[in-house]
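Sequence order for the protein chains is A and B.
Going by the UniProt record's numbering, the first sequence wraps up at 324, each residue one higher than the last.
Going by the UniProt record's numbering, the second sequence wraps up at 402, each residue one higher than the last.
Just so you know, the hints here were simulated from the structure itself, not pulled from any lab data.
Please read these numbers as outputs of a predicted model, since none were measured by experiment.
Heads up, some of the hints might be wrong.
[What the hints assert, rightly or not] Covered by chain B, according to a simulated footprint, are these stretches of chain A (three or more residues, beta-carbon under 8 Å):
hint : stretch
1    : 108-119
2    : 169-175
[To be verified] Far from chain A by the CB rule (all over 10 Å, computed), these chain B residues:
hint : residue
3    : Asp11
4    : Ala182
5    : Val191
Just so it is clear, CB atoms sit at the ideal spot from N, CA and C, and this is done for glycine as well.
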Amino acid sequence: MSAAVPPRVDPGRGLSLRVTSKTPAADGVVALTLTDPTGARLPDWTPGSHIDLILPSGESRQYSLCGDRWDAHTYRVGVLREPGGRGGSAWIHDELAVGDLVGIGGPRNRFGLVPSSRYLFVAGGIGITPLLPMIAAADRLGTDWRLVYGGRTRGSMAFIDELAGHRDRVSVLPQDEHGLLPLADLLAEVDADTRVYCCGPAPLLDAVDDACAHLPSQALRTERFAAREQGAPVRDTPFTVALGRTGTEVEVTPDITVLEAVRSAGVEVLSSCREGTCGTCETTVLAGDLDHRDSILDEDGRAAGDCMFVCVSRSRGDRLVLDL
Amino acid sequence: MTAVQTLPTLDLDPFDPEVLRDPLPAHAALRDAGPLVRLPRYDTYAIARYDDVRAALSDWQSFESSAGVGLTNFRTETPWRPPSLLLEADPPGHDAPRTVLAGILGPRALRRLREDWAADAERLVSDLLAGGSAEVDAVPALAEAFPLRVFPDAVGLGRDGREHLLPYGDHAFNAFGPTDNALVLAGNADVAEHSGWVGEQCRRENLAPVGFGADIWAAADRGDLTHAQAPLVVRSLLTAGVDTTVHGIGAVLHALATTPGAWDLLRARPELVRGAFDEAVRWESPVQAFFRTTVRDVPVGRDGAVLPAGQKVLVFFAAANRDPHHWTDPDTFDPTRDPSGHVGFGMGIHQCVGQHVARLEAESLLTALLTRVTRLELTGEPVRHLNNTLRAWASLPMRLTI
């Protein structure tokens, strides 16, 4: 009985899962389902979580889990083919096949659903994926919710059929039929008790951000898959990273990352996106003045100064001490 | 269709004082009887083998907690207090409180406490040994004294009334048993007073501006919890964070005092301290068992046994932690063992969120003792403290030789 098999979690290396289905979900979008080849449970997750899919090159891409967490044996992700991308989505669309094994990292959640009496979900295109499990959660809790779902064309918008049972709560607004989402109107009606969850392309996130200016800062929760634009590093001269556990010191010149420097000192830090969005390489900071360059930490997290994402973040001062 | 299987049945009262005093034979009988055992005494079921316990604890989809993790079924009976947002909750309601507490009590957040707690443990041990080698009752003098010094401060409780913490927790853990049981009835007399005090401490204005309690209220200000949830999350710390740790520390002190060579080994190899505490948690299982409630018919084990929907089932962490099919010499406390995978802190989404706090408390105290004390030994007969859920010592007379 597969239910009796506990999950095989190896946080250091992640899971290897089998692709059990690959079906078109919209123009340019495929839905993959993944299961453990031994029939084991998969690690638990919460709405808003993503997994890393490991490409043959060893790089990874992050995809939101958009399936049913009451099914402990199946993960589902939706993958948009990104013609201008770095080749990850093209590999998934063109090469990855049913029956293949694929490496998985996570799941991790940087977009958790906070409790509220009301939710407004705003999805742009493939940004619908993390919102689907949130909608299921809100529904189960009996919480009032509404979804506004935009996309280029109706045919490009995935999983519309799964929302059919919620017609009175869902507005599907393809751009070629309705123009841009009426964000200003939508968000003007939102009260301070509503939590707004938005996922989609950067221009949508920026527009929602602007339209939420009148709301308390915690009202809006967004997830960015693309890294935030960062200015130049604060410091353009080398600095020293000391490894607190061994006393080893290593110099970080402007042309390398802290991650690379630490690795050159023989210390393995697991990393994934290399752009400060996935959170895999989180490292405890024991001392030093940080130049945070990730898209993950909020102001409080940055001010705390006790952790950094070594794939992108750097030092303002001469020296950092890391718990490595 | 398969025939309805006859389940093994044991005429066993897991809450009988004699069983609580020495539960090991009952746990062995449950493991031997089968993967799923009927306990007609309370019209309930039991799971006691390691693989099946672990599977049941992992499978929150089939084994719910929101009907209560004691014998009382919250679907049909009224709980003695508003249910916990963590222990007695299921996803998705469970998600936010769990996420918030996991952050506040996580290893990274605890780093700032490490030095303070080490220093506090050294002071406690120095005071005990101020007159040289000492004979003490290690339960009040160490196992209770240290958590009660550091944990209420870490939460941010005021100075007054801390004596309510242990009896409140003790009653909460008794109340997972049958409500007409002598331990519960005895606790009922004072519970309103303890509950009232605990409830008051959960309010923001009664908590220090820095501490786990303030962190929980700050999470509510950020919108990660509702303000209505915050006091109940604080209450979870105060209910589950004191007695359990006290009994865990009692267990490791008893184990180290009674296992030949163990104290000398830890003195020689202090890096074994952390593992030794977890090994004691496996060996003694301070939390012995919790109930779950099935949301559908659930197969248990590999021989076709089926637990019907809507049933309470007692999931024995303690029996799993000594299952000879999983552990070599399970009844031996072995400080060099790798106890990884023990279910003494539970398993799955409800696994003890405060386990890192418990480990840090135990490690701080043991490290201070190992530095000063060359020999730890019992000087009299230890006395059990009985609780429907917890395995505990009331008294551990010991000599600490410097």
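Here is what the structure says about each hint:
Only residues whose C-beta sits within less than 8 Å of a C-beta in chain B count toward coverage, and the stretch 108-119 of chain A has 6 of them, enough to reach three; the restraint holds. Here's how the stretch 169-175 of chain A fares: 0 of its residues keep a CB closer than 8 Å to some CB of chain B, so the rule of at least three is not met and the hint is violated. Interface exclusion of aspartate 11 of chain B from chain A stands, the closest Cβ pair being 27 Å apart, more than 10 Å. Every beta carbon of chain A lies more than 10 Å from that of alanine 182 of chain B, the smallest distance being close to 37 Å; the non-interface claim holds.
A cut-off of 10 Å between C-beta atoms confirms that valine 191 of chain B is not in contact with chain A; the least separation is 29 Å.
Hint 2 from the earlier list is the only one contradicted by this structure; the remaining hints agree with it.
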